[in-house]
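> Everything in the sequence shown is counted per the numbering used here, starting at 8 for the first residue and increasing by one.
Please note that a few of the clues may not be correct.
Pairwise CB distance ranges (calculated) [unchecked claim]:
1. Glu155 with Gln192: 17 to 25 Å
2. Phe37 with Lys91: 36 to 44 Å
3. Glu212 with Gln49: 41 to 49 Å
None of these hints come from the bench; they were simulated from the model.
The beta carbon of each residue, even a glycine, is placed where N, CA and C say it ideally should be.
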Amino acid sequence: MHDDTLKRFKDVTETLNTMETRFRTLHHTFLQAQGQCEEPLQDYLARHAAQEAFGTPADVQTIEQAQHYAAVPFPADLVSFYRKTGSLHGGRHLNNLTIFSPESVLERTRSDSPYAHSIGLLDTIHYLWDHLREAESMDSYTAMMRQEEYDELNRSYMAVGYWCESMDDGQEDGDMHYCIFYDRQGLFRTVFVNLLDEDFDIAQEIEHSADACTWDEIMSHALDEALSARLSSPRL
Numbered sequence: 008m009h010d011d012t013l014k015r016f017k018d019v020t021e022t023l024n025t026m027e028t029r030f031r032t033l034h035h036t037f038l039q040a041q042g043q044c045e046e047p048l049q050d051y052l053a054r055h056a057a058q059e060a061f062g063t064p065a066d067v068q069t070i071e072q073a074q075h076y077a078a079v080p081f082p083a084d085l086v087s088f089y090r091k092t093g094s095l096h097g098g099r100h101l102n103n104l105t106i107f108s109p110e111s112v113l114e115r116t117r118s119d120s121p122y123a124h125s126i127g128l129l130d131t132i133h134y135l136w137d138h139l140r141e142a143e144s145m146d147s148y149t150a151m152m153r154q155e156e157y158d159e160l161n162r163s164y165m166a167v168g169y170w171c172e173s174m175d176d177g178q179e180d181g182d183m184h185y186c187i188f189y190d191r192q193g194l195f196r197t198v199f200v201n202l203l204d205e206d207f208d209i210a211q212e213i214e215h216s217a218d219a220c221t222w223d224e225i226m227s228h229a230l231d232e233a234l235s236a237r238l239s240s241p242r243l
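Throw the hints in and build the complete structure from the sequences for me.
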């Protein structure tokens, strides 16, 4: 990630974290004045203040181990991000904009989910959002897809992160997300996943997704979209 893009991310996260801390501090003061909170401020902030954060740089061995679960090699810019930054956890103020760390990929493979052993786009959609849906499974949205088509899409596109279309009282809306993924050319795109739409067709959504772009371009786009979603529904 270019220095100017990374600086923009850091500036935004620092601003949001400062706003969150100030609000939670004021709220803690109010609760104590009302006799409704005896918890020390630092403990209260640790429990309630949502902080956007970058991860820790990943070592070469961890990246190589995570690469085993990607049918398409990690693009060079993504590897550089892993080496320098590691991951991104956007938190609720950035609509949970997330870039998975190599460590989280390895942790995921220890799950007993049948979709946990690749970062293919379709497997990732299943893995991340099956557990958020109570009445239906993501399976219903790929049931009409031939296994050969599923496998081809899953081998061609690798998911690296996502952000939420909306948040409900600080929690993810498990039905609508944007997935960030890359293709066999090492270029990045996003696809909108809407599990509320009975006619949702992931193959069509991929086909009509935005033009492929570089890592810096997709990260700038994701930040713009996450901020836009937040500002359209202000919350603390």
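> Failing hints, ascending?
Every hint satisfied by this model.
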